[in-house]
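Colleague: As a plain string of letters, each chain reads:
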Amino acid sequence: MSKSWNDVIPQPKKSRLRLLIYALLAVVYIWAFAGIPFSGIKETAGQVTKAIFTGLFSPDWDFVYLPGGEDLLRGLLDTLAISILGTVISALICIPFAFWAAANMSRTVFASGSGKTLLSLIRVFPEIVMALLFIKAVGPGSFAGVLALGLHSVGMLGKLFSEEVEQIDTGPTEALIAAGATRLQMVRFAVLPQVLPGFLSYILYRFEINLRSATILGVIGAGGIGTPLIFALSSRNWDRVGIILLGIIVMITVVDFISGSLRKKLV
Amino acid sequence: MKMELDTAPFEQPVQPPLLRPKPPGKLKHYLTAAFLLLLVWGSSLQTDATFKELVEGLPNMLDLLREMFPPRWSYLDNIWQAMLETIRMALIGTTLGAFLAVPVALLCAGNLIKSRWITYPVRFLLNLVRTIPDLLLAAFFVAILGLGPLPGIFALSVFSLGLIAKLTYEALEAIDPGPLEAMTAVGANLAQLIVYGVVPQIRAHFASFTLYTFEINIRAAAVLGLVGAGGIGHYYEVTLGFFEYDKTCMIIIFTLVVVLVIDYLSTKLREKWI
Chain P
1 MSKSWNDVIP
11 QPKKSRLRLL
21 IYALLAVVYI
31 WAFAGIPFSG
41 IKETAGQVTK
51 AIFTGLFSPD
61 WDFVYLPGGE
71 DLLRGLLDTL
81 AISILGTVIS
91 ALICIPFAFW
101 AAANMSRTVF
111 ASGSGKTLLS
121 LIRVFPEIVM
131 ALLFIKAVGP
141 GSFAGVLALG
151 LHSVGMLGKL
161 FSEEVEQIDT
171 GPTEALIAAG
181 ATRLQMVRFA
191 VLPQVLPGFL
201 SYILYRFEIN
211 LRSATILGVI
221 GAGGIGTPLI
231 FALSSRNWDR
241 VGIILLGIIV
251 MITVVDFISG
261 SLRKKLV
Chain E
1001 MKMELDTAPF
1011 EQPVQPPLLR
1021 PKPPGKLKHY
1031 LTAAFLLLLV
1041 WGSSLQTDAT
1051 FKELVEGLPN
1061 MLDLLREMFP
1071 PRWSYLDNIW
1081 QAMLETIRMA
1091 LIGTTLGAFL
1101 AVPVALLCAG
1111 NLIKSRWITY
1121 PVRFLLNLVR
1131 TIPDLLLAAF
1141 FVAILGLGPL
1151 PGIFALSVFS
1161 LGLIAKLTYE
1171 ALEAIDPGPL
1181 EAMTAVGANL
1191 AQLIVYGVVP
1201 QIRAHFASFT
1211 LYTFEINIRA
1221 AAVLGLVGAG
1231 GIGHYYEVTL
1241 GFFEYDKTCM
1251 IIIFTLVVVL
1261 VIDYLSTKLR
1271 EKWI
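Going down the list, the sequences are from chains P and E. Using the numbering used here, the letters of the first sequence correspond one by one to residues 1 to 267. Using the numbering used here, the letters of the second sequence correspond one by one to residues 1001 to 1274.
Hints are supplied without guarantee of correctness; some may be wrong.
Subject to a maximum C-alpha distance of 30 Å in a straight line, what follows is the list of computed DSSO-like cross-link-like pairs (lysine-lysine) [to be verified]:
| hint | chain 1 | residue 1 | chain 2 | residue 2 |
| --- | --- | --- | --- | --- |
| 1 | P | Lys116 | E | Lys1028 |
| 2 | E | Lys1166 | E | Lys1272 |
| 3 | P | Lys50 | P | Lys265 |
| 4 | E | Lys1052 | P | Lys264 |
| 5 | P | Lys136 | P | Lys116 |
| 6 | E | Lys1272 | P | Lys116 |
| 7 | E | Lys1166 | P | Lys264 |
| 8 | E | Lys1114 | P | Lys264 |
| 9 | P | Lys50 | E | Lys1166 |
| 10 | E | Lys1166 | P | Lys265 |
| 11 | P | Lys264 | E | Lys1028 |
| 12 | E | Lys1272 | P | Lys265 |
| 13 | E | Lys1022 | P | Lys265 |
Please keep in mind that the hints were generated in silico from the structure rather than gathered at the bench. Being a predicted model, the structure only gives us computed values, none of them experimental.
Only chain E is shown next, with the shape it has when bound in the complex (with noise of 0.2 Å):
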């Protein structure tokens, strides 16, 4: 049975008009995919990075592997002592860079200094340091003072003070500004609001910034020796050196641990402070 409906006379619908808006172009999304491939591109071109190098080094790098293992143990003996070293170089690096970052994340933030004139250059400043990458630092530090850990803290210091102070003042930006009205209401100054009306607000959290540096700074601590600047990083280049794999790779199974283990403890730790 044919259907009637094919047959009858239809008015054909008047079309509405459109009330879904156009999808967005893609022309854009093409546009940046181009623009990024080109920039690959260009890299690789820049770098020299092709596929064919990459397949070529393939051998020498399971070469260097199968030298690699199995590990020195008995290399520890020589670089526990580099160890410890590294270790105390973050710790007396990060102490000092956070001692110094408090007066500068104060004097970065908005809602305690209200001049401007103040703030921005403090904090154009800071930002400066921080572009400065820490291996840079320990090479400007060992030109300075000359070979040894000593350089390695004060560019820890310089970098803990620029990380923590960032940190500590938008930390600071963004606390409860009740109990400061309260105290500026009853008349008290710049000193006492800090002490009675910060400080107990941001304890915890500049506590847990400091921790953290600590965790980046054993890391970076123990690769500021490649120029010059104390900890185990020095053994870095005298083990590759005299191509002895073994020993390179004990250096880093046993930075590995460490810093592992220090992780661990300062996870544990920040997670009861906060």
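Chain P extracted, bound-state conformation (with noise of 0.2 Å):
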């Protein structure tokens, strides 16, 4: 009678392809690991710890407005200038693309999938890089920053566009077909009035990511608050350091909530 659960829940096996999995793993940890150079903290880092602390705890509440010129208050509001920017641009430029891709659009296979091919390299091609270039072509400048922001931007937000495209109810289409529609008025009249919430939401999320992006733009001449950010740490001027971050974790913070509640109301 004592049967024990054991013998009649069979244990599962133990497969020889986990332990396979496990082995490689270690051995890529093993790998990493020995690649890093450990050693070469500076004597001076709790010092410069210390330091930084003490800045974020005492910024420099002068700096917020100055009469003349390169302020926080200037910065903030050029970062937020040329995330808007960026972000219409590629809301503009993307629409054509997502339609592109969207594999109930287009009659065949080739066609989306070379839609969907170029969105992901563009997706792929990191936004620091193509503000580099941007700079070489026209000159250091938030201007540089807004086309970077504007073509990065395409990647992600066509993909999504696209993915909302092709979950659309095909009744409608269906219907204006039937009667005798032209594309463009379908698009107009069944596809356009099911897409625009998703596309609204996707815009406001890729804003989101897009002021982020911004404020480290500066960190290679692309305006923004970047630049007098990586000044002043360059500088060791901590206080600075100090109300800049305070400034961009503000404004992330504002802009992060007004965006989530319109979000929500779109969807």
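Could you fit the two chains together into a complex? Lean on the hints.
Modeller: Dropping the structure here:
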């Protein structure tokens, strides 16, 4: 009568494949840790950390507004403007791409497949590198940042838009085709009303991402708050670093909150 | 033949009361559109972005593209070591971040920790960490630790911590409460609850989030070198500074290939896991 459940329920077998994967992972980690020089920490690390934290808690409030030029508010405004313009540009560019890449909008698999490939190529191209190239083309400044964000965002927005287009209800489009609508009329009256809320929601989401990207574009000279920040960092002016960081955090939090509540309304 | 009906004395039908609701006013839409236009106009003023500048910059861009192609294939010998370092940084950074994210995610989950005095402050701190972009974190760690891959690893760890902890705690709050209630009923403590009730439900999600973060970190690690935090990013400045665009093009192509391959592998793994 002493039948234990261990006999009744068979233990799952440990597969060899799993062991192999673990071994492989171990090898990869040994390789990774072996290649990193862990000794190169500066002796001043503790001191600098302390200086940074004192700087963060005693921000340089005078930097918020300077009457004669580069100050925090103008830097933040510049960052905001870069991300707004970049998002709007990419939203306009990516609409044709989205219809190109949507599988239910084209007759051949080749057409939508090529669109998808192009979008993923744009997506993996880092925006910072794009900004570096645009700086070479149009000179350093906010405009290079706008172009970089505008082009890079097309990758992600185009993909999300095309997925939205693929999910539409085909009833209205079929009804319009049956009633003799042209392709353009079909898109205007059957597709657009269905996808518009999704599009707007994605645009807002991308705007939140772009705002974060725009804060670092200045590191390489593409405008925005990043430029004074990197100057303050390299000149070890921690009070100023503190106020800039505070400004960035406040701006991103406020914009995230506004954009988040707008998105909740849309969907 | 004329229609009789036309001349027949007709009683004018009484206007039926409007049953349909009035269509919503369009004024809100127009105002929104006007506000957006104003926003775009202001932004373009602020950033000096004009169509003219774009047209003027166009020949420069074409020149740049012409100089980038064909890429200098032989430059691969100089950069593959740096690419391996980039992958190492992403790997270690993601792993450390994933380990650190576990306790943070548990502390954020409202269905495990009942006290709001713990979950809300931890969530607030997590959101604070998530507002700081990765390149900025790297710049900070470079200031603290000096140049090299180590600050890059730290930056990626903190960045991964923020991302993985957020995704995991949202998944934690969505788990099936049945097993947890059953275990509480038979008197399990919090540690047992987590080990036997939560971990089996969340394991696959967690692995998937970690892989996803690894994909993001590979891309991030490829540019961290721009602020001196190790990896292949350093070579962008080297080649662009000397106007060797064909070498830059080689770096870009190499990075794209590596990112695409890792994305492909990671996506396959994630599909298996979930």
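Colleague: Taking each numbered hint in turn, which are not upheld by the structure, reported in ascending numerical order?
Modeller: Those not satisfied are hints 1, 3, 4, 12.
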